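Novice: This note's numbering numbers the first residue of the sequence shown as 9 and each following residue consecutively.
Keep in mind that a hint or two might mislead.
Label pairs and their in silico Cβ distance ranges [to be verified]: (1) 82 x 22: 49 to 55 Å; (2) 85 x 36: 26 to 32 Å; (3) 57 x 87: 20 to 26 Å; (4) 49 x 26: 33 to 39 Å; (5) 33 x 76: 41 to 47 Å; (6) 71 x 20: 54 to 60 Å; (7) 69 x 24: 52 to 58 Å; (8) 78 x 25: 41 to 47 Å; (9) 50 x 30: 35 to 41 Å; (10) 66 x 17: 47 to 53 Å.
None of these hints come from the bench; they were simulated from the model. Note that this is a predicted model, so its numbers are computed, not measured. We put the beta carbon where it would ideally sit given N, CA and C, even for glycine.
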Amino acid sequence: MLKDLVHCYNKSLPNVLDKHAPVRKKVIDGTPLVPWFNEIVLVRCKKRKAAQKWRRTGRRGDMLDYKAKKNYVSQTICKSDNSPGS
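Please model the complete structure; the sequences and the hints are all you need to start from.
Specialist: In structure tokens form, the structure reads like this:
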């Protein structure tokens, strides 16, 4: 009994999915981002995580870590603005 239900489920599910949500191909442009942009995104992500940790724990060490990462983000952005070719 259960085996028949599982077989019916496995047989009908792909048909329903193909009807209501067919697989589509998507073309992605392969142009690379400028190299400094990836670095900025990475350091901003680390800064955000440090801020969340500081807010969650409230510890002074976490606050100092967040401030150091905040300053590093600012320095990275300034360097990228002043870099040749930007």
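Novice: Would you mind marking each hint as holding or not holding in the structure?
Specialist: These are the hints, each one checked on the structure:
1. 82 x 22: 49 to 55 Å: holds (52 Å)
2. 85 x 36: 26 to 32 Å: Because 27 Å falls inside the window, the suggested range holds.
3. 57 x 87: 20 to 26 Å: holds (22 Å)
4. 49 x 26: 33 to 39 Å: holds (37 Å)
5. 33 x 76: 41 to 47 Å: holds (45 Å)
6. 71 x 20: 54 to 60 Å: holds (56 Å)
7. 69 x 24: 52 to 58 Å: The hint (52 to 58 Å, Cβ to Cβ) holds, given that residue 69 and residue 24 are roughly 53 Å apart.
8. 78 x 25: 41 to 47 Å: Since the Cβ atoms of residue 78 and residue 25 sit about 46 Å apart, the hinted range of 41 to 47 Å holds.
9. 50 x 30: 35 to 41 Å: About 36 Å separates the Cβ atoms of residue 50 and residue 30, which means 35 to 41 Å holds.
10. 66 x 17: 47 to 53 Å: holds (50 Å)
Of the numbered hints given earlier, the model fails none.
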